[in-house]
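> Protein chains in written order, with this note's numbering: chain A, 1 to 91; chain B, 1 to 204.
Check the hints yourself; a few may be wrong.
Claimed, not checked - Just some of the chain B residues that point at chain A, by a computed CB distance under 8 Å:
1) Arg-96
2) Val-146
3) Ala-152
4) Leu-153
5) Lys-186
6) Leu-193
7) Ile-194
What the hints assert, rightly or not - Beta-carbon label-pair distances, calculated as ranges:
8) Val-41(A) <-> Ala-47(B): 21 to 31 Å
9) Glu-24(A) <-> Arg-74(B): 31 to 41 Å
10) Glu-24(A) <-> Thr-4(B): 45 to 55 Å
11) Gly-183(B) <-> His-46(A): 15 to 25 Å
12) Glu-24(A) <-> Phe-71(B): 28 to 38 Å
13) Gly-183(B) <-> Pro-45(A): 21 to 31 Å
14) Ala-47(B) <-> Arg-27(A): 45 to 55 Å
15) Asp-36(A) <-> Ala-61(B): 40 to 50 Å
Hints were generated in silico from the structure; no laboratory data involved. Beta carbons are placed, not taken as given, at the ideal position from N, Cα and C, and that holds for glycine.
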Amino acid sequence: MRDSGELIAQGAEQGPSLADLTEEITRRLQMGETVDIEAYVNAHPHCAVSIRELFPTMHDLVELGKSTGHNRSEPSQPDLFPPPARKSSYS
Amino acid sequence: MTETTRGLEELLDQADQGNAIARQALLERYRGNLRRMVASRLDRRLASRVDPSDVVQETLADAARRMDEYFQDRPIPFFGWLRQLAGDRVVDTHRRHIFSQRRSINREDRGLELPDASANELVRRLTATDTSPSNRLSRQERREQVMAALSALSSRDREVLVMRYLEQLSAAEIAEALGITEGAVKARLLRALIHMRGRLEADS
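Using the sequences and the hints, build the whole thing.
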């Protein structure tokens, strides 16, 4: 397992493609689709390691988002995150 | 420029010219997004007393009153401006309902933390439908780890992840709010994901 620094370096090298892929996977997970990660790995071998390592984190965050009840199509429940530290400077 | 972006620009132009219908449409366009934002930031202790929709309604009314002022120089993107107003309303709401009752919440100290009570409440919600005690415990532990990792990130990383995963804004909507390109949002999300993964890895 590589550290974050290595992943960031590789992510920068892979440029928009890895960013696009993680966004696509996130979107599909949020829509409730079953994502075949091996299919992504096979289709994008240059991003294979990063996809494998980042997928659990995406999954965790998507599950967190679903569980909060803030789904776009449903009324949400209050709470969970604190207010901003201070009021904005714009007035 | 996409059709959506073009439509928004037209609406902004009309609103800038004082068109009341356009202004109303502009505000309504963001009601749902603002509701999710407010709901994800209100303290659990206010659940029985504050409806996020009411906070959003106050925000939109405030925005309607101040729209002339905004359009004088449009200092930030409109959605970003609305989010600032909503954030201010959340701060005011906490001050009104919690600070005034001398409860032990210090906004300055806890502003960027996940309150324990909220985290516990989240975990309770997550596990409420689990029937297996072992599954429940496992899910609870994982959620606690994710919450802790998220709260330990830098504000820059955390904010973009909260917008994308909890508020469920699209990359395009985040770009609109932050006034940056969609590509820049995706890059920022990727970097935040990598940091989040590193944090989870370090904690486990």
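> Hints the structure violates: just list their numbers, smallest first.
1, 3, 4, 8, 10, 14
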